Amino acid sequence: MGFALGVQFHIFGPKEKVVNSSSCVRAQMPASHYSINTAGKQREHKYRSMIRKQRPLVPLSSASPIQCVDESPSLALQKVAIPIMVNGCTGKMGKAVIEAAIAAGLDPVPLSFGSAQYAGQTVHVGGKDIKVHGPSDRESVLGSVFYKYPNLIVVDYTVPSAVNDNAELYCKVGVPFVMGTTGGDRKQLYKTVEDSKVYAVISPQMGKQVVAFLAAMEIMAEQFPGAFSGYTLEVLESHQSSKLDTSGTAKDVISCFQKLGVPFELDQVKKIRDPAQQVEMVGVPKEHLSGHAFHLYSLTSPDETVNFEFQHNVCGRSIYADGTIDAALFLAKKVVTLQLLFCTAFLISCL
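To convert, take the position in the sequence shown, counting from 1, and add 33; that gives my numbering.
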């Protein structure tokens, strides 16, 4: 039996209660510093409000409203070097997660899944050598790794075309996983996990603060359906040129606007992948062309006298890597709790 947390984070596991996304967003690690650039200035071009400079870093206190009501992982759990297998370690997101895992005290295993072109290669990340295995030997490799590391957590940052096959394999082997890869057949993905007894966190958006924004959008859509009826919507999203699909975050925000009465199709999204346009039109800092996520949603009234804009811009990958580690620690805690319950039940049955 699975359950979903919020608009963006889908957390699945056996015999769990539904958690209301309006009350919390999972944040299992100690409060960290993040910077999401949302500043803007009067534009000459419609999209010139995309930010030009970073705001100061703002610390999240332990009393922050986006902290989950659940307790942080126990001290004992934090002291254990939890084994984590990061699939897609040849990509920039995969490498960022490995580095974040090491910084958090987790233990990246020296194996990873990758495309056929990287099979057999060794990738050096964070002082570790990780051997990449291609699609043909995924099942045998994962089975042997899970046997060696029974408390293994898998993190997936591969490619959209591999999402469903990888999830089916994780569920077949029985290993808990964090799916950060966007794309694939999401309905089938959720069904695959719900039909299994495997714990999983599934989200195309691992930034906790962005998840909180999405949860707020969902609440607005549910409480004020049709509030923007008659308005037109324009959506612009800019990501590094290597991102193949439309932003998963944009898709979820668009879904909320549709509930608010705004007609919009996904093929209307303006995807910016050309570096020159990203700098000149969107305002992406040159040093972040290889890793950024800029979004702008512009709503205009029928008579064009009223305009609303929602904007969230991220430079770099640290917010996603840190959020992914939070999710991995959350899963590790869930697995340990479940194991304790099983042990307790077994001991009681022996009395």
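Mixed in with the good hints there might be a few duds.
What the hints assert, rightly or not - Restricting the straight-line Cα-Cα distance to at most 20 Å, the calculated cross-link-like pairs of lysine to aspartate or glutamate (DMTMM-like) are:
no., residue 1, residue 2
1, Lys-276, Glu-255
2, Lys-230, Glu-201
3, Lys-181, Asp-162
4, Lys-303, Asp-278
5, Lys-284, Glu-255
6, Lys-303, Asp-336
7, Lys-366, Glu-172
8, Lys-205, Glu-172
9, Lys-303, Asp-285
10, Lys-164, Asp-140
11, Lys-284, Glu-251
12, Lys-284, Glu-267
13, Lys-292, Glu-267
14, Lys-224, Asp-285
15, Lys-220, Glu-201
16, Lys-367, Glu-227
17, Lys-125, Glu-298
18, Lys-367, Asp-228
19, Lys-125, Glu-267
Said to hold, decoys possible - Across the chosen pairs, the derived CB separations fall in these ranges:
no., residue 1, residue 2, range
20, Glu-337, Ile-252, 26 to 36 Å
21, Thr-265, Asn-184, 49 to 59 Å
22, Glu-320, Asn-184, 30 to 40 Å
23, Lys-161, Pro-318, 23 to 33 Å
24, Gly-153, Lys-319, 55 to 65 Å
25, Pro-143, Ser-194, 36 to 46 Å
26, Lys-161, Asn-197, 22 to 32 Å
Simulated from the structure, these hints should not be mistaken for laboratory data. Here the structure is a predicted model, which is why all the values come from computation and not from measurement. From the three backbone atoms N, C-alpha and C, an ideal C-beta is built for every residue, glycine too.
Status of each hint after checking the structure:
About 31 Å separates the Cα atoms of Lys-276 and Glu-255, which puts this hinted pair outside 20 Å; it is violated. Distance restraint check for Lys-230 and Glu-201: the Cα-Cα separation of roughly 12 Å lies within the 20 Å cut-off, and the hinted pair is therefore satisfied. Distance hint between Lys-181 and Asp-162 is fulfilled; the C-alpha atoms sit about 18 Å from each other, no more than 20 Å. This hinted pair checks out: Lys-303 and Asp-278 have alpha carbons roughly 12 Å apart, not beyond 20 Å.
Straight-line distance between C-alpha atoms of Lys-284 and Glu-255 comes to about 17 Å, which keeps the hinted pair within the 20 Å bound. Restraint check for Lys-303 and Asp-336: not satisfied, since their Cα atoms lie roughly 23 Å apart, outside the 20 Å limit. At most 20 Å may separate the alpha-carbon atoms for a hinted pair to count; Lys-366 and Glu-172 exceed this at roughly 25 Å. Distance check on the hinted pair: Lys-205 and Glu-172 sit about 9 Å apart at the alpha-carbon level, within 20 Å; holds.
Simply put, Lys-303 and Asp-285 have alpha-carbon atoms about 15 Å apart, close enough for the 20 Å limit, and the pair holds. Between Lys-164 and Asp-140 the alpha-carbon distance is near 15 Å, which keeps this suggested pair within the 20 Å criterion. Among the hinted pairs, Lys-284 with Glu-251 is consistent with the structure: their alpha-carbon atoms are about 12 Å apart, no more than 20 Å. Using a Cα cut-off of 20 Å, the hinted pair Lys-284 and Glu-267 holds, with the two alpha carbons roughly 13 Å apart.
For the proposed pair Lys-292 and Glu-267, the alpha carbon gap of about 16 Å is at most 20 Å, so the pair holds. Among the hinted pairs, Lys-224 with Asp-285 is consistent with the structure: their alpha-carbon atoms are about 19 Å apart, no more than 20 Å. A distance of roughly 13 Å separates the Cα atoms of Lys-220 and Glu-201; the hinted pair therefore holds under the 20 Å criterion. Taken as a hint, the Lys-367 and Glu-227 pair is honoured in the structure, with Cα atoms around 16 Å apart against an allowance of 20 Å.
For the proposed pair Lys-125 and Glu-298, the alpha carbon gap of about 30 Å is over 20 Å, so the pair is violated. Restraint check for Lys-367 and Asp-228: the C-alpha separation of about 18 Å stays at or below 20 Å, so the hint holds. Straight-line distance between C-alpha atoms of Lys-125 and Glu-267 comes to about 30 Å, which puts the hinted pair past the 20 Å bound. For Glu-337 paired with Ile-252, a C-beta distance near 28 Å keeps the hint of 26 to 36 Å intact.
For the pair Thr-265 and Asn-184, the beta carbons lie near 51 Å from each other, so the given range of 49 to 59 Å is met. In this structure the supplied range 30 to 40 Å holds for Glu-320 paired with Asn-184, their Cβ-Cβ distance being about 38 Å. The hinted range of 23 to 33 Å is satisfied by Lys-161 and Pro-318, whose Cβ atoms lie roughly 30 Å apart. For Gly-153 paired with Lys-319, a C-beta distance near 35 Å fails the hint of 55 to 65 Å.
Roughly 25 Å separates the CB atoms of Pro-143 and Ser-194, a value that falls outside the hinted 36 to 46 Å. Remark: the range hint 22 to 32 Å for Lys-161 to Asn-197 is upheld by a beta-carbon distance near 29 Å.
Hints 1, 6, 7, 17, 19, 24, 25 from the list above are not met by this structure, while the remaining hints are.
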